[in-house]
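Asker: As they're listed, the protein sequences go chains G, F, C, U and A.
Counting with the working numbering, you get residues 14 to 336 for the letters of the first sequence.
Counting with the working numbering, you get residues 14 to 336 for the letters of the second sequence.
Counting with the working numbering, you get residues 14 to 336 for the letters of the third sequence.
Counting with the working numbering, you get residues 14 to 336 for the letters of the fourth sequence.
Counting with the working numbering, you get residues 14 to 336 for the letters of the fifth sequence.
Be a bit skeptical, because a hint or two may be false.
With a straight-line Cα cutoff of 35 Å, these simulated DSBU-like cross-link-like pairs (lysine-lysine) come out [to be verified]:
{"no.": "1", "chain 1": "A", "residue 1": "Lys134", "chain 2": "A", "residue 2": "Lys84"}
{"no.": "2", "chain 1": "A", "residue 1": "Lys84", "chain 2": "U", "residue 2": "Lys84"}
{"no.": "3", "chain 1": "U", "residue 1": "Lys332", "chain 2": "A", "residue 2": "Lys331"}
Residues of chain F placed beyond 12 Å of chain G at every Cβ, according to the derived structure [claimed, not checked]:
{"no.": "4", "residue": "Gly29"}
{"no.": "5", "residue": "Asp43"}
{"no.": "6", "residue": "Thr63"}
{"no.": "7", "residue": "Ala148"}
{"no.": "8", "residue": "Arg149"}
{"no.": "9", "residue": "Asp165"}
{"no.": "10", "residue": "Val175"}
{"no.": "11", "residue": "Tyr235"}
{"no.": "12", "residue": "Arg237"}
{"no.": "13", "residue": "Asp238"}
{"no.": "14", "residue": "Arg245"}
{"no.": "15", "residue": "Ala317"}
Some chain C residues flagged as far from chain A (calculated, every beta-carbon gap over 10 Å) [claimed, not checked]:
{"no.": "16", "residue": "Glu30"}
{"no.": "17", "residue": "Leu31"}
{"no.": "18", "residue": "Glu35"}
{"no.": "19", "residue": "Ala56"}
{"no.": "20", "residue": "Pro70"}
{"no.": "21", "residue": "Lys84"}
{"no.": "22", "residue": "Arg189"}
{"no.": "23", "residue": "Tyr198"}
{"no.": "24", "residue": "Val270"}
{"no.": "25", "residue": "Ile279"}
{"no.": "26", "residue": "Phe300"}
{"no.": "27", "residue": "Ala309"}
{"no.": "28", "residue": "Trp310"}
Derived from the structure by calculation, the hints contain no laboratory data.
Heads up, the beta-carbon is just placed ideally off N, CA and C, and yes, glycines get one too.
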Amino acid sequence: MIVDCAFYEHGRRRAGELSVAEASRACRQDGAFVWLGLFEPGAEEFEAVTSEFGLHPLAVEDAINAHQRPKLEVYDETLLVVLKPVRYIDHDEVVEIGEIALFVNPEFVISVRHGRSSPLKQARQRLEQEPELAARGPGAVLYSIVDRIVGDYEPVVEGLTVDIQEVEEQVFSPGRHNPAERIYYLEREVLDFRRAVEPLAPAVERLATRRFDVVDPELQPYFRDVHDHMLRVNAQVDQFRDLLSTALGANLTQISVRQNEDMRRITAWVAIAAVPTAVAAIYGMNFDHMPELRYAWGYPLALASMVIVDLYLAYRFKKAKWF
Amino acid sequence: MIVDCAFYEHGRRRAGELSVAEASRACRQDGAFVWLGLFEPGAEEFEAVTSEFGLHPLAVEDAINAHQRPKLEVYDETLLVVLKPVRYIDHDEVVEIGEIALFVNPEFVISVRHGRSSPLKQARQRLEQEPELAARGPGAVLYSIVDRIVGDYEPVVEGLTVDIQEVEEQVFSPGRHNPAERIYYLEREVLDFRRAVEPLAPAVERLATRRFDVVDPELQPYFRDVHDHMLRVNAQVDQFRDLLSTALGANLTQISVRQNEDMRRITAWVAIAAVPTAVAAIYGMNFDHMPELRYAWGYPLALASMVIVDLYLAYRFKKAKWF
Amino acid sequence: MIVDCAFYEHGRRRAGELSVAEASRACRQDGAFVWLGLFEPGAEEFEAVTSEFGLHPLAVEDAINAHQRPKLEVYDETLLVVLKPVRYIDHDEVVEIGEIALFVNPEFVISVRHGRSSPLKQARQRLEQEPELAARGPGAVLYSIVDRIVGDYEPVVEGLTVDIQEVEEQVFSPGRHNPAERIYYLEREVLDFRRAVEPLAPAVERLATRRFDVVDPELQPYFRDVHDHMLRVNAQVDQFRDLLSTALGANLTQISVRQNEDMRRITAWVAIAAVPTAVAAIYGMNFDHMPELRYAWGYPLALASMVIVDLYLAYRFKKAKWF
Amino acid sequence: MIVDCAFYEHGRRRAGELSVAEASRACRQDGAFVWLGLFEPGAEEFEAVTSEFGLHPLAVEDAINAHQRPKLEVYDETLLVVLKPVRYIDHDEVVEIGEIALFVNPEFVISVRHGRSSPLKQARQRLEQEPELAARGPGAVLYSIVDRIVGDYEPVVEGLTVDIQEVEEQVFSPGRHNPAERIYYLEREVLDFRRAVEPLAPAVERLATRRFDVVDPELQPYFRDVHDHMLRVNAQVDQFRDLLSTALGANLTQISVRQNEDMRRITAWVAIAAVPTAVAAIYGMNFDHMPELRYAWGYPLALASMVIVDLYLAYRFKKAKWF
Amino acid sequence: MIVDCAFYEHGRRRAGELSVAEASRACRQDGAFVWLGLFEPGAEEFEAVTSEFGLHPLAVEDAINAHQRPKLEVYDETLLVVLKPVRYIDHDEVVEIGEIALFVNPEFVISVRHGRSSPLKQARQRLEQEPELAARGPGAVLYSIVDRIVGDYEPVVEGLTVDIQEVEEQVFSPGRHNPAERIYYLEREVLDFRRAVEPLAPAVERLATRRFDVVDPELQPYFRDVHDHMLRVNAQVDQFRDLLSTALGANLTQISVRQNEDMRRITAWVAIAAVPTAVAAIYGMNFDHMPELRYAWGYPLALASMVIVDLYLAYRFKKAKWF
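Whenever a hint applies, use it, and build me the whole structure from the sequences.
Answerer: Structure representation (C-alpha cells):
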C-alpha cells in the first residue's frame, strides 16, 4: 500500500502527492528528491515501484520479506538499510519489534514498513520543520529516520529498567514472591531487543565514518552521534542481562532461605505439640503405684506444667526468630 | 554411486545423461559445464572421477570421508566447499545433519552427498527453471545449493523455537513437570546445529567479498544475501543457548518452590493431626480428680473442641495458601 | 550557570573574572587561553557561549543533556570529552556518578558540569600551583581534569573492596546472614561503575598515542600514565564481578548447609520426643496381664528408662554434632 | 637414549643405522636428510647431538624439559615444533598426554620424545611406504608426525563422547545416581586435553600459510588439511565443556526432584501413621460417658474406621504419585 | 635504601661498591654499565638518583608508588618495566605479591623493589656466574630478572594445583566437608595471581619481537622463551578458574545429596517410632469388649508384634540404604 509520495525541492516539500511514475521522473532534477512510503506492499504492487526506480531484485526481496537483521547494504548507488523500530508495551512487558526497509539513493528514498510501530511520521514532520536539514537530500531523510528509531530505544530501556527494579524488589521483599517466570520472560525480551538493536550499530558506524554518495559529509557527525547513542543502549542491554542473571541466582537463594524459615517453624510446632502429648502419655500409664494420680492437685499441675514448658519453648523460638 | 550427470550449455540442460568420460570432455567447451552428482561413492568408484577431472587427492579424501566441518578451500582453479544440510525431526527433537562436498570449477561441479537429507534435487530444479541463473555457470550451481541449504535452516530454527516455547510453558506451568532432561537434550541439539552452521558463515562471506574465477561478480550480492541469512540464524542460535541456560536455572527455582509448597503442606497436616492426639492424650490421663471426665457433656465437648481447633487451623492454612 | 571564567597567560591565571565576550576575544592571543566553567547551564544561557566560541551544535547538545557515555569526539579543532566523575557513598553502598563535558580547543576550555561530585576545583588548584603545567595550554587543563577524575576512582575501588570483604565475612560467618541482597546491589553498583569507567580508557589511549593539536606531545606520557591507571581499575572491576558472582554461589551453598543443620536438629528432637511417648503409650495399654504395672517400682523404672534412653540419644546427637 | 638414526636419500631409507657423527656429515648431501630419534635424553647425551647439529641452546632446553606448550618456533633455518601426543585411557577416563619436540631443518629431523604414547613409529612406517612423500624432505617428516598426532585426537574425542553420553544417561535415569564427581573429573580431562590441543592449531596454520624453507609448498595443502582437522576437534572440545556444564546443572535439578519425591513420601507416611494414633487416642480417653466404648461392635468398628481411612489415604497418595 | 650499586665491565662485576655519583659517571664508558638496587626508597632519597641518571618524573612516580600493573613503558632511551614477583604461602593458601620497577638504559639498570619477595639476588648471582650473558649489557640484566620472576610463578602454580586437588577430594569425599569457603578464597588468590601475571605477557612479547636499543637481538629468543613460559602459566590459571567454578557447583550438588540422605534417615526413624506408638494407642483404648486385652498372651504378643514390624522396617531401610 502506498502511504505517501512526497516530492522535496531544496529542502521543502512541494504540496500534493505524485503518482509513482511522476515521482520517478521528477526526482531526476537537481536538488530534488522523492520520498515514497509503502506499507506492507504485495509483490505485484511493489513490482511497479521496483521497475520504475530500478531497484536490485535481492534488495527488493529483503524489503518485502520481513524478518531481516538490521543492516546496511550497498547496491551500486543505492543503499538498502533495514531498521527495527521498537516499542515497549509495558502492560505485557513485551518489546514489540517492527521492520522498516529503506532504499536510499541520491534521487529518492523508498521506505517499506512492516508492523505497527512507525517512527516514519515523526521523521517526516521533523524534515518539514527543518528544511535546512531536508535540503541535504536523501541522506538527511535516512538520518532523521535512524535518529528517530534510535531515540525510540530510550523508552524501551526505561521500561525495562523499571521492570527490573520491580523484579529486584520482588526478589528481596519479605513476601513470598517468586519472580522466576518474570525474570525469564524479561530476559527473553531483553534478548529480542538486543537482536533488534545490536547489529545496527556497526551499520550506523559505517555511515558515520565511510564515504557514501548519498550521505553529505556534514551529516556524518550526526550519524556518529546516533552511533554513540546506540553504544550507550548496547551497554545498558548488556547490563540488563547481567542483572537478570544475577537476580535469578539471588532469587533461588531467597527462596531457599524462606524454605529454611518454614523448616524452622515446623521444628518449633512439632516441639510444642510433642510436649503435652508426651506428658499426657506418661500420666496415661496404668501403673498401680503412680502417687501423682491420687493427688487432688495432680491434674491441674500436669496441665500447668504442659502450659509452662510450651510457653518457655515459644519464648525461646520467638527469641531465635523461628516463628 | 553416480546419481546424475547433467550437461549444461548456455544455462540449459541438454537432455540425456553422459558417462563420466563424455562429461569430462564435453565440459571443456565454452559456455558449458557438467554437474556430476554422486552419493556416498566408494574409493574405487571415485577414483575414476578423480583422475578424469584432475581433483586434488586431499580434497578427494575430504569428500569421501564425511565428518568434515563446513568449509571453503581453494585448490588452484577448483573450490572445495563442504556443506552440512540439516533437517529437524520434530518427533524426536533431533537435528539430523548430513554432509555434501562440492568441487566447483569453471568447467564442472561435482557434488558428493552423504546422509539422507538432500537439498540437491531442489537446487537442480531451480536451475532448470531459471536458465538465466544457470547461464552464470558453476558458480550459480554453488549459489543455488548453498541458498537451498541455508534456506533449510529456517524450519530447524522454527522447530527449535516451538520446542523452547513448550519447555518454557512446562517450566512455569503449575503442574509438576521437570523438563530438565528435555532442556539438556535441546541444548545438545542446538550445539550440534551450531557446529554445522557457524563455520559456514565466514566461508560464504569469502564467496561474497573475494574474487574467485568460478564466481561471476554479479553473483556476489546473492552470496552476501545468503551470508546475511546465516548471521540471522547464528544470532538466533546464540539466543537459544541463552534461553535454555536461563530456563534450566529457572526450572531449578520452580522445583524448589514446589518443594517449599509440599513442605508447608506437611506442616499443616502435622499440626492438624497433632491437635486431636494431644487433646485426647490429656483426657486419657489417669488422674483421680479430673472433673471433666465425670460430666455427661465432657466427651462431646472434647470432640467438639478438637473439630473446632482443627477447622480454625484449616481456615488459617487455607488463607495462607498452605493447602 | 557560569561558575568561573579564568584567563591564563603563559601558565599564570590573570586575576579577576571576564565576561564571556571578553574571554572569547582575549583567548585569541598567543600563549593564552580561557577556561570557562559552567554548571548545568540552561539552553538559552548556553546559546550565548555556543555562538561566541563557535561550538558544534551536536557537541552542545551532548553537553547539555547529561546521560552520555564517556567519550572523546573531534569536531575540527575542538575536542569534546565527556567524563564521569564518581564518588562512593559508603553509607548507602552506592556509586554516585556525575557528568562533565569538556570542549578543548587551542584557545579555550569550556567545562560543563552536571551533578554534585566535582573534581574541577581540585584540577584548577593544581594548575595554579604548577604554572609550568598550565603553560602547556588547554591540553594541560584536560590532563589535570582527567587525572583528577581517574584518581577519584581509587576511593571507589577501595570502598567496593572493603564492602566485598564484609560480604565475604558475612557469607562464611557461622551466623545466619544472608547477604544475597547486598551482593546483588553491590553487583549493580559495580556494573554502573564499570559503565562509567570502561569506555573512557580507549578515549584516553587515543589522547596518549595519536596527535591532536591541543595536546602538547610532552603531555602524552602523562595521558599514557592515566590510561595505565584506568586499565588497573578496569582489571579490578572485572575481578569484583568474578568475586561477587562466586560469592553468590558460595552463599547459596552456605545456606544449604545451614538448612541441613536445621534438618538434623529436627531429626534429633523428633527422636527424643518420640521415646517417652512410645514408652508411655506401651504402659498405657489396657491388657489385664501386664505384670510390670503391678510392681511398686514399675512407674519410677519406666520414667528412668525414658530419661536414660533420651540422655543416651542426646549424647549421640551431641557427638555427631547434630545439636 | 638414541632410538633410531635413519638416513634418507631421495625419499628412500638407506639400510643400517649411522652414528650421530656419520649422520651429521651424511645429511649435507643434496636430496638427503637424517632422522635422529631420541627418547628422554639426558643432558650430556644430548650435548653431543646439540654440538654436532648446531642446535640453539634455548631450543635444546625446551626439548629436554618436558612440560612445554605445543608451539612452533623458528631458530634461523631450524624449526622447533613441540607436540603433545594424547591417548585416552578409557578405564580410568583419563587423557594421557605425552610430549615430542622436533627440530626440523633442511638437512635433518631430530625427534625428542617424552612419555609413553608414541606416534613416531607409525609416522616412520608411513614414510617408508610412501617414498614420494619422504622425497619432499624433512617437511614431509614433520607433516607425517603432526598428521599422526592429530589423527590420534580422534579416539580421545570419541572416548570422551561415549563417557559424556554415559553421564547423560546417569543424570536422567530414574535410579539414584549422582554423577557429579564423574562430571567434574571429565571436565578436568577435557580441560587438560584442550590445553594440549588448542595452542597447536595456530602453529599448524602458520605451517600451512607462511613460507618456511623446510616446508615444500606442495606440502602446504596437507598442513591446511591437518589444521582443519584441529579446528574440528577444538569445536568438539568446546561443545564438551558446554555439555558438561549443563549436565552439572541438570544433575542438581534431578537430585532436587528426587529429594522432593522423598519429601512427599514422608508426608504420606506421616499422615497414614497419624490416623490410627489419633483415633485410638480418642477412644483412650477416660470420660465416664462415652457410649461407643460400651457397644460390642465399638472396637471392631474403630479398627475398621482406621483401616478404611488409611486405605483411602493410600489410594489418594498412589494416585497423586506420592508413593 | 640503596641495597647495592654494582659496576659491570665487559660482563664482569668490578669489586667494591660505588656511590651514586661515581656510578653515574662510570657507566658512560663503552661496554660498561651500572646496576643500582634500591629498596622502598623515600621520595628525597630517590630524588638524588633521579637527577643523577635523568629519569622521567612520571616513571619515577610509578617506581615509588607501588600498586602498578606489570607493564613496559618507553621513555626515550630508557625502558620502565614493572614486574610482580610472587610467592605462594602454602600455609595460608595466599599468593604474596611484591613489586619491582626497573629502569633499563644502555648505561644503567636501576631496580626499585617493594615487598619482601625478591628474586633480584638470584638474578644477580646468575649474571656473575655467566659473564658472557652479563656482557650483553643491561638487556641481559632485564632478561635475568624477568626469567627469575617468571620461573617463580612455577611454585605458585604447583601450590595452587595441590590445593585444588585437596579441594576436589574434600568435595567428593563421603565425609561432611563443605569446602565452599576454601574454594572462594582460592578463587580470590587465583584472580589476584592472574592480575599480577597476565598483563606482563604482552610486555615480554614486545621485548621478544620489537627492536629496543637496550635489548641485544641475540637476547630476543630468550625473551620469547620467557613469553612462552608465561602463556603456559596463563593457560593454567584459566584452567584453575574453570575448575574452581565447577568445583563450587559440584560441591552444592554433593551437599544436596547429603541433605537427601539425612531426609531419608528422618523418614526411617519417624516410621520406626510411629509403629509402637500406634499399636500401643490401639490397646490403650477403653472399649469394654476388646477380647485381646483379656488374654494372658495379649501383652507379650503386642510387644512382639511391635518389635517384629520395626525389625522388618529396619531391614527394608537398611536394604534401601536409607540408614
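Asker: If a hint holds in the structure, say so; if it doesn't, say that too.
Answerer: Cross-check of the supplied hints:
1. Between Lys134/A and Lys84/A the alpha-carbon distance is near 22 Å, which keeps this suggested pair within the 35 Å criterion.
2. Between Lys84/A and Lys84/U the CA atoms are separated by roughly 25 Å; this keeps the pair inside 35 Å, and the hint holds.
3. For the proposed pair Lys332/U and Lys331/A, the alpha carbon gap of about 27 Å is at most 35 Å, so the pair holds.
4. Against chain G, the non-interface label of Gly29/F holds: every CB pair exceeds 12 Å, the least being about 33 Å.
5. Listed as outside the interface, Asp43/F is consistent with that label: its C-beta sits roughly 27 Å from the nearest C-beta of chain G, beyond the 12 Å cut-off.
6. Every C-beta of chain G lies more than 12 Å from that of Thr63/F, the closest at about 36 Å, which supports listing it as non-interface.
7. Every CB of chain G is more than 12 Å from the CB of Ala148/F (nearest about 16 Å), matching its label as outside the interface.
8. Residue placement check: Arg149/F keeps its beta carbon more than 12 Å from all beta carbons of chain G (closest about 14 Å).
9. No beta-carbon of chain G comes within 12 Å of the beta-carbon of Asp165/F; the shortest separation is about 16 Å.
10. Consistency note on Val175/F: stated as away from chain G, and its beta-carbon is indeed over 12 Å from all of that chain's, at 14 Å minimum.
11. Annotated as non-interface, Tyr235/F brings its C-beta within 12 Å of a C-beta of chain G; the closest such distance is 6 Å.
12. At the 12 Å boundary, the C-beta of Arg237/F falls inside the reach of chain G, the nearest C-beta of that chain being 7 Å off.
13. Not every CB of chain G lies more than 12 Å from the CB of Asp238/F, the least distance being 5 Å, so the non-interface label is violated.
14. For Arg245/F, the condition that its CB be more than 12 Å from all CB atoms of chain G is violated, with the nearest at approximately 5 Å.
15. Non-interface call for Ala317/F relative to chain G: holds, since the shortest CB-CB distance, roughly 19 Å, exceeds 12 Å.
16. Interface exclusion of Glu30/C from chain A stands, the closest Cβ pair being 33 Å apart, more than 10 Å.
17. Its beta-carbon lying about 33 Å from the closest one in chain A, Leu31/C satisfies the requirement of being farther than 10 Å from that chain.
18. Distance check for Glu35/C against chain A: the nearest CB is about 36 Å away, which clears 10 Å, and the non-interface claim stands.
19. Against the 10 Å criterion, Ala56/C stays outside the reach of chain A, whose nearest CB is about 41 Å from its own CB.
20. With a closest Cβ-Cβ approach of about 38 Å to chain A, Pro70/C is found to remain outside the 10 Å limit, as its non-interface label requires.
21. Residue placement check: Lys84/C keeps its beta carbon more than 10 Å from all beta carbons of chain A (closest about 24 Å).
22. For Arg189/C, the requirement that its beta carbon stay farther than 10 Å from each beta carbon of chain A is met, with the minimum near 16 Å.
23. Remark: the non-interface label on Tyr198/C is consistent with the geometry, its nearest Cβ contact in chain A lying 19 Å away (cut-off 10 Å).
24. Look at Val270/C: its CB is around 5 Å from the nearest CB on chain A, not clear of 10 Å, so calling it non-interface is violated.
25. With a least beta-carbon separation of about 7 Å from chain A, Ile279/C fails to lie farther than 10 Å from that chain, contradicting its non-interface assignment.
26. Against chain A, the non-interface label of Phe300/C is violated: not every CB pair exceeds 10 Å, the least being about 4 Å.
27. Every CB of chain A lies more than 10 Å from the CB of Ala309/C, the least distance being 19 Å, so the non-interface label holds.
28. No beta-carbon of chain A comes within 10 Å of the beta-carbon of Trp310/C; the shortest separation is about 18 Å.
Consistency note: the structure conflicts with the earlier hints numbered 11, 12, 13, 14, 24, 25 and 26.
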